[in-house]
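Chemist: Dock chains L, U and X against the given chain P, drawing on the hints supplied.
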Amino acid sequence: MKTITRKELTEIIRPGSSAMIGGFLGCGTPDEIIDELIVSRIGGLTVIANDTAFPDRGIGRLVVNRLVSRAIVSHIGTNPETQRQMIEGEIEVELVPQGTLAERVRARGVGLGGILTPTGVGTVVEEGKETLVVGEQKYLLELPISAEFAFIKAKRADYCGNLSYSLTARNFNPLMAMAAECVIAEVEEVVPVGSISPEEIHTPGVIVDYILVRGCR
Amino acid sequence: MKTITRKELTEIIRPGSSAMIGGFLGCGTPDEIIDELIVSRIGGLTVIANDTAFPDRGIGRLVVNRLVSRAIVSHIGTNPETQRQMIEGEIEVELVPQGTLAERVRARGVGLGGILTPTGVGTVVEEGKETLVVGEQKYLLELPISAEFAFIKAKRADYCGNLSYSLTARNFNPLMAMAAECVIAEVEEVVPVGSISPEEIHTPGVIVDYILVRGCR
Amino acid sequence: MDPREVIARRVAKELKDGDLVNLGIGIPTLVANYIPSGVNVFFQSENGIIGMGPEPLEGMENPDMTNAGGMFVTALPGAMAFDSAMSFGFIRGGHLDITVLGALQVDEKGMLANWMIPGKMIPGMGGAMDLVTGAKKVIVAMTHTGKGTPKIVRKCNFPLTSIRPVDLIVTELAVIEPGPEGLVLKEVAPNVSIEEIQKSTDARLIISDRLCEMTL
Amino acid sequence: MDPREVIARRVAKELKDGDLVNLGIGIPTLVANYIPSGVNVFFQSENGIIGMGPEPLEGMENPDMTNAGGMFVTALPGAMAFDSAMSFGFIRGGHLDITVLGALQVDEKGMLANWMIPGKMIPGMGGAMDLVTGAKKVIVAMTHTGKGTPKIVRKCNFPLTSIRPVDLIVTELAVIEPGPEGLVLKEVAPNVSIEEIQKSTDARLIISDRLCEMTL
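Listed in order, the protein sequences are those of chains P, L, U and X.
Residues in the first sequence are numbered from 1 upward in steps of one, following my numbering.
Residues in the second sequence are numbered from 1 upward in steps of one, following my numbering.
Residues in the third sequence are numbered from 1 upward in steps of one, following my numbering.
Residues in the fourth sequence are numbered from 1 upward in steps of one, following my numbering.
No lab work stands behind these hints: they were computed from the structure.
Any given hint could be a false lead.
Derived DSS-like pairs (lysine-lysine); straight-line CA-CA distance at most 27 Å [unchecked claim]:
hint, chain 1, residue 1, chain 2, residue 2
1, X, K137, X, K16
2, X, K136, X, K155
3, U, K120, U, K16
4, U, K109, U, K13
5, X, K16, P, K2
6, X, K120, L, K129
7, L, K2, U, K137
8, U, K155, U, K199
9, U, K13, P, K138
10, U, K155, U, K120
11, U, K136, L, K2
12, P, K138, L, K138
13, P, K2, X, K147
14, X, K109, X, K136
Chain P on its own, in the form it takes in the complex (with noise of 0.2 Å):
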């Protein structure tokens, strides 16, 4: 584990990478993260995350300043210009059930080469996939997803790196931490090891490459 600055990030973030961004309507979302790429200039991304949030945050302002070529995402309805983009062609987006998602990052994370589920049995979701019957009940196969990049937000880390989430703040963010190659961490401060306890921590610094503290330039 690294302690990097904004700067640095855009020597490690290529144009035309793929992020896994954590967040759910910008809650828990790396807004300086997000602010580098905007002032770098760091576009054609492929973006995983829950939602684009708002227009004027989050993921949301990623989308505003052209930077996302293909979103993989649940939700678009709260940024009426990821679907003005999507309309006219120029965002692909593909859209997965919020718990389908969840368990496809989690998949990649952990090993599974996929899983089975309900959710979207029947209906578009379905299309193009794999079905199993298991004890009379169908299931869709989905499949792990992958990133070069995880950009998340956490509320505090320790100088091994280790990661603790704050309440709704949480949701994406440490199943992306074990998805991606690169796991690039926003944390609001950095405490001394062995100050959180062990059950607050989420994620291990052991596979966390880079913390970057808000607020340091």
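Modeler: Just chains L, U and X now, kept in the frame of chain P:
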């Protein structure tokens, strides 16, 4: 959620039941529930657990007292009595890789129809199982596992039944609490609602049926 | 009474003590305001909490504490936070007693369409597909028509949310229960005739033997 | 030097700073005693902890803090506790850098058998199948023979642990690396001849061009 006594356990648990039991070599096992099963001779049990611990500890004591007719576990090496009963045909043992057991219990609790794991491919664990190839890698389809009861051990409960586990005593407990029809939790203490922080609650009270407080007869 | 309040009040009567409940955005959210006294329910929100409380007082908002609509909420004593996999574990795993959602269309078989109007509006399914597939009881809370167009139709022509039928439809005019024979009209709002309801409904309604007036 | 210590010392040299490491029961556990200075590793234990420390002082044991062998251990600063699904998520998901395990047999293809002797001893696989399948590097740490019987064989006749070959075999006599051509003898213990090693080995050994003496 209802608080019960050891005697009331015997009105709830019938001989011949299937039960998931938390613990890892006895650590995080509900010992007083086991005491009561032994005292009341509630036998013919199908036990789903990580292991059968030691002859004088945890689930091992159920085996020694001949209350277990079937065990679905990952390891019996620390309990010669389980091995003896198995070889002599007195107990049926299904061995499941530990990570697969965890995912099978979890799958049931979170409503998945199964998971694909690379673990066990090409070994005796593959026998009789469906295999799938995803992206050139072969996986076993492992199915959810359920039980009538989950006997779990938590450090603390609040008066809503919210549970908090401690260190390595957590292990299978929160997964099992999600997967069984009736959840009975043995706890060391019950604290006022609101005194366990939202991040420290690992199992919500809404899925816990009964609480047995240690030392309360 | 405002139609939205009628719907929310009637849905609230379906909640039982100890239930784990998920309320969708819009009218469903209002249900929380009308829980019968003596009934204690736990609200789950997809974004990762059980034990969600009402909107905070001004100045007491916390950026890490929002509901699935992105609005600030509070945590009640005994609240629990978790990640998205766990959150949908509760939903898909059958631990959620009741989900209340809005609808674009519901049909004679109880099928729900609520996430997309082809070629027009594609908000996405969010958690709706998991909620309808996994909850023990699915209640649709919606105005009976959308700008005069019936939302209770013979067959949904918008994409379905799930092939699992909903359990109850509550509108400002009626309470309707999908069953094996079709949609059963169980309750009518005060001063509303069966004919008026059928007129605003594209699907054929079966009149329950025990039809009664909606009480709020 | 005790053969077990030789093995543990040599394996310890494989650990790199920052590695996440899982040590099996028996000889592998001893590896923790010989970590090179300046190398900081994190020990993961299947039962649910990263950051496991050594045995506690007498009287400082806690019943909620044990290792995968059921022995009391301590938590180092920065330790993290988790459930069994998460624990094997780290293992199966490729987050574990090194696993060190014992063996009943290893064969020419690097296949490992370590959980059952048919008709004789069936401890069960525990976490071994996941560990061998999922870890980035699998090291077998074992005595070269079992009561004089070779454990490095042409083909395992005990049930396999995984079809993923191990990466390194460390015994008190030799360091052997399975490769596409077979087992390559890379290091020999001081005062041990190649002939002696081959005599204690059922499988044919390929002598490395860069064969050297084992340093501890």
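Chemist: Take the hints in turn and mark each one as holding or not.
Modeler: Tested hints:
| no. | hint | in the structure |
| --- | --- | --- |
| 1 | X/K137 - X/K16 | holds (12 Å) |
| 2 | X/K136 - X/K155 | holds (24 Å) |
| 3 | U/K120 - U/K16 | violated (38 Å) |
| 4 | U/K109 - U/K13 | holds (24 Å) |
| 5 | X/K16 - P/K2 | holds (17 Å) |
| 6 | X/K120 - L/K129 | holds (25 Å) |
| 7 | L/K2 - U/K137 | holds (24 Å) |
| 8 | U/K155 - U/K199 | holds (17 Å) |
| 9 | U/K13 - P/K138 | violated (34 Å) |
| 10 | U/K155 - U/K120 | holds (19 Å) |
| 11 | U/K136 - L/K2 | holds (22 Å) |
| 12 | P/K138 - L/K138 | holds (22 Å) |
| 13 | P/K2 - X/K147 | violated (48 Å) |
| 14 | X/K109 - X/K136 | holds (18 Å) |
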